[in-house]
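Undergrad: Chains as they are written, first to last, in the working numbering: chain H, 1 to 175; chain B, 1001 to 1109; chain G, 2001 to 2954.
No lab work stands behind these hints: they were computed from the structure.
Where a beta carbon is used, it is the ideal one built from N, C-alpha and C, also for glycine.
You may find that some hints are simply not true.
[Unchecked claim] Sample of chain G residues at the chain B side, in silico, Cβ under 7 Å: (1) Gly-2250; (2) Asp-2661; (3) Ser-2692; (4) Phe-2696; (5) Leu-2701; (6) Pro-2703; (7) Asp-2706; (8) Asp-2841; (9) Arg-2845; (10) Val-2846; (11) Met-2847; (12) Gly-2929.
[To be verified] Beta-carbon label-pair distances, calculated as ranges: (13) H:Pro-32 <-> B:Glu-1087: 28 to 36 Å; (14) H:Glu-74 <-> G:Gln-2562: 31 to 39 Å; (15) B:Ala-1024 <-> G:Ser-2003: 56 to 64 Å; (16) B:Lys-1063 <-> G:Asn-2949: 56 to 64 Å.
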Amino acid sequence: MLRESPLKDVVRAGRYGADKGAPGVTLSVVHPLSLVMVIARKGKAKAAKESLTAMRGATVMWAGPDQYYVKGAEAAALKKKLGDAASIIDQSHGRVMFRISGPKSRALLAKGTPVDLHADEFPIGKSAVTQMAHVGAHLTCTGKDDFELSVFRGFSESFWEWLTEQALEFGYQVN
Amino acid sequence: MGPGFRRDDDLGSNLIITCPHCGARPVEEFTFLGDAKPQRPTSNDPSSMEQWFDYVYLRDNPKGRIDEFAHHSGGCRAWLVVTRNTETHEVHGTVTAKDYAVRAKKSGR
Amino acid sequence: MGSFRLSSGGLIDRCKRLNFTFDGESFQGFAGDSLASALMANGRMLMGRSFKYHRPRGPITAGAAEPNALVELRSGGRKEANTRATMVELHEGLEAKSQNRWPSLGFDVGAINSLASSIFVAGFYYKTFMWPKSFWEKIYEPLIRKAAGLGAASREADPDRYEKSYAHCDLLVIGSGPAGLMAALAAARSGGRVILADEGSELGGSLLFEREEIGGKTGLEWARGVIAELASMTNITLMPRTTIFGWFDGNIFGAVERVADHVAAPTHNEPRQRYWRIIAKKAVLAAGAEERPIVFGGNDVPGVMTASAMRHYANRYGVAAGHNIAVFANNPSGARSLRDLRAHGLNATAVDHPIINVKGGKGVKAAVLAGGHDIPCDAIAVSGGWSPIVNLMCHRGTRPVWNEKLAAFLPPDVGAEFVAAGSANGKMLLSECLTDGAAKGTLKGKPPAVPKCKDEAYAISPLWWVKESKGKAFVDYQNDVTVKDLPLAAREGYNHIELAKRYTTAGMATDQGKLGNINAIAILAEATGKTIPEIGTTTFRPFYTPVSFGAFAGPFTGKHFQPVRKSPLHQWGEEQGAVFVETGLWMRSSWFPRKGEDWLAAATREVKATRNGVGLCDVSTLGKIDVHGKDAGRFLDILYCNTFSTLAVGKARYGLMLREDGIVMDDGTTSRFAEDHFVMTTTTANAAKVMSHMEFVHQALFPELDVTYTSVTEQWAQMAMAGPSARATLNKIVDGAKLDDTNTPYMAAREISILKGLPARLFRISFSGEHAYELAVPADFGNGVARALMQAGKEFGIMPYGIEALSIMRIEKGHVAGGELNGTTTAGDLGLGKMMSTKKDYIGRVMAGREGLVDPKRQVVVGIRPVDKRDRLRAGSHLLTRGQSPSLANDQGYITSVAWSPMLNMWIGLALLSDGRNRKGEVVQVFDGLRNHHMLAEICEPMQFDPENRRLHA
Ligand SMILES: [Zn+2]
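The shape of chain H in the complex, shown without the other chains:
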């Protein structure tokens, strides 16, 4: 059985909003997503962090005190690797991830989050857990003007509607 995105009928590729010049932001949905939450067990924070840092081929994102989202690794593999140093909880289906890039990505995200996203304060690789449009969001800076953002699956459609409305003034491309 194929995985079905909750946004399959909602997100449509194309150019929207202000149509002068290059789009201010480019938006896309990361699907199918592989995202696993790793929470260090008591007294194992250091061990868990070290094992995660040593991992290859997966992205480790801070997600709270001694907690991480690991993108691109199977839950079973992580369980094997971390043993009883951490709890491993698969959220690949529970969260929906958006990719937001382009020169206006910070201006767009600032409409939702109070986190200061200036490159000096929120450099590449940094993550924050915050609230955007009344929805809990996990945000990571992945490139010069590039971000990845995930929300609970159930809110994804509502959040997408908000996000795209806020992007109208910049002009946006959906891939």
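For this one, chain H is given, so just place chains B and G with the ligand on it according to the hints.
TA: What follows is chains B and G with the ligand alone, placed relative to chain H:
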């Protein structure tokens, strides 16, 4: 989890709290639970009812400094203890509720 | 009457004519005009009527403090009342109306109030409309509102969008006059992140209209040079059309950016306004100073305006307020206006005696001077001195400080995070403003060099009001407070400034007394024999100028008032024709109507089909929490009143969670998948609350526990499969060994594989009382698995059922839910007292033993059914001992849940009844107060259907 309660995030209620995990965030990302000083009694004996009553119901309402529980419900979801001045709104400091509890248990308060 | 548009000058574009209407009449202005300047250029000085006396009024300022020229803009859903014509940018097609007049601006019936003014003194409304009390709501208030209201709001929905945004900076500069530009320049050059905000349509502040020289250029040329430099830098954001309206804790500033107020309608892509929250490490208030009028008789006649406003209109807009202008000032602003107005070829004369009255009604005809002679004129420029615009710095409770020499309140010292610069800081010379701005804006190193400029000396001899005045002399224009009202307030005992404000209304409404407050304080000081600093100011609060509700609401209106949360089985629900009902934020499939069915008919059919065959229900919205760790069992033992540490792996158990005060908080089943892994479920409604509670209990109370917990509500799509054919249906999709009572007995919890390799969690639990399962699959597979189950169950007559059918079945079975877990009931009340362990500590244990919570007379859960089966029970109805009349004293309890039972063919319910367990079989009186309906009902066991639970194990 979920979005938590909708707070009055638009009128006047602006305060910056520095979460030890997340850094400076405005007050609308937090939910509050009042005075953090009362310690949960350790006894389960019905004779300890008076202590329990104090713990569950009685809270100081000082003019000045107070240690208050704040939940970073719109962020990392850590419970914090914020020390602030109820008169001036000055925030003196923030520690995690975990550290606060460990410290309180050590000092035997 | 000559033309009021000067032949040259101004920052208007004379090649670009704009058409607009005022009270339906068509006019033309130029690009760059304000609505006020365009009306004045057309000879229309009369722009509104006053609040109480309905006196004719024209603009008295050219800016944000304007109390008089309030107009209504646009129409339909875009209608906006109480906008200041002085701040409205003229645009093609602008539609404006005067307000507070009837039937027309020129002839207003309400003006008769002016003739009766001796009775309309301060406190008039309070004194007159007091009796009889019943008249207030029906007669007095509507009448007063009609006669004395400001503009009226639209009743239509606003079609435009509003946005919100956060901004962060090292320095926020408020105001872009000489001090603000210098501060922004200093900060930007030192590399900091800077925001420069100004409420005007164009940056430059006073340099847009004052004739000054800076660095050998005109002030305007200098300003434009600085603005060009700033615009070329990447570390500064220029925000014109942005009003900083409030200063809040944490050095957060609230602002409104008028993105598209200067055009007829925003484009599809832009909002009308954007609400900003600016988090500033440091801020400089460079908002300038407000020129205040002098109080004299007739000082409100259209054509009387502040001296700076008059040269503002002439220098910036190329508009004359009049052709023969009398100038009355106690400071050098008068000489400035004389110089500038004469330079435009206008006839301007300084008065040699104070003005005591003004002749003219809808326009100035002459100024009457003390000593008795008149000066014929058509406009009067007046200056009573300058008040630094300190408002923002006083928003957090600090009061401004009186300065005798400047006869002005200066901003208080509120710390280094927020400082004032320039004339907002009492600097009255241009060179001082530039130097002050440069110093306050410098974030590190030395302040930049300040250009040379020519100063005009400043001195003031205080003059608040002209005592010989004849006729009405206004202190507060917007509220029609005259010089007589304040001493009256003092005589009647309202001599504190805060009391006098409320008694006279001076300083209230949209302008918040920006022009009148200092004069009011001075007059009150004199009336009470105190000094001005002794009287002090009223409290400054946000908002500096009015902010629209649209800006506050932002994008969160209508459909987006709150986020919508959809189940992973939402699409399956849609395919099955579900009616969705909001529960919290979730949209839940509540019933699946077929042609001609209402909700009850649909739910009845769903119940029957489930109990006779098999039903499928979306239960994904239940809170699901993965609990891991060595101490997971111990943690659950603390959270629940019953024990989980003893639960065998592969088993599920029902749990009851108390609050620390002993009242029930939530319930649900928890299953154990491994020694260190449990899966907890919560009710849909309490999922967020329970998660916060768990975090509190662990982090704040038992931090020593080795446990983690994570919401997996959204990871799993969960389906209840209930009914005699549930197992047969599931067995068609299960991989490997088929389900039976040995491998999957009642209360089993297993990880299984379905549909050739999909991982799933299977729980044999039942809320309906049927042989039932809950099947959880990763959410992306939810719709697919539900479709597969519908296919598999076809031969058994599978039926989707919704929350309504679920609720009917749980009431038939006497299971408690929201109506009973209502924040007042104990475990004992729910008939679950035996679950409370005596062998362990848990949240709520001791408090649950309080006398009042174990009182045998407490209301406990019982079943209830009508004596006459045709009667309908209603939730919320009260229960009385038979024969007693409804009263609080006789109240025995109430009905918490009702349902039409398709199995029992009558309405049944659950109720909370005092001492209910000992009253089974008793017939009670049911009183539905809403419908004033009485009936009889019999108390019974909560479980009214299949009381032996035979179906559960069938
Ligand atoms: Zn945090």
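Undergrad: With reference to the structure, classify each hint as holding or not holding.
TA: Results for each hint:
no.	hint	verdict
1	Gly-2250	holds, 3 Å
2	Asp-2661	holds, 5 Å
3	Ser-2692	holds, 6 Å
4	Phe-2696	holds, 6 Å
5	Leu-2701	holds, 5 Å
6	Pro-2703	holds, 4 Å
7	Asp-2706	violated, 13 Å
8	Asp-2841	holds, 6 Å
9	Arg-2845	holds, 6 Å
10	Val-2846	holds, 5 Å
11	Met-2847	holds, 6 Å
12	Gly-2929	violated, 31 Å
13	H:Pro-32 <-> B:Glu-1087: 28 to 36 Å	violated, 54 Å
14	H:Glu-74 <-> G:Gln-2562: 31 to 39 Å	holds, 36 Å
15	B:Ala-1024 <-> G:Ser-2003: 56 to 64 Å	holds, 57 Å
16	B:Lys-1063 <-> G:Asn-2949: 56 to 64 Å	holds, 59 Å
Violated hints, listed in ascending order, are 7, 12, 13; each of the other numbered hints is respected by the structure.
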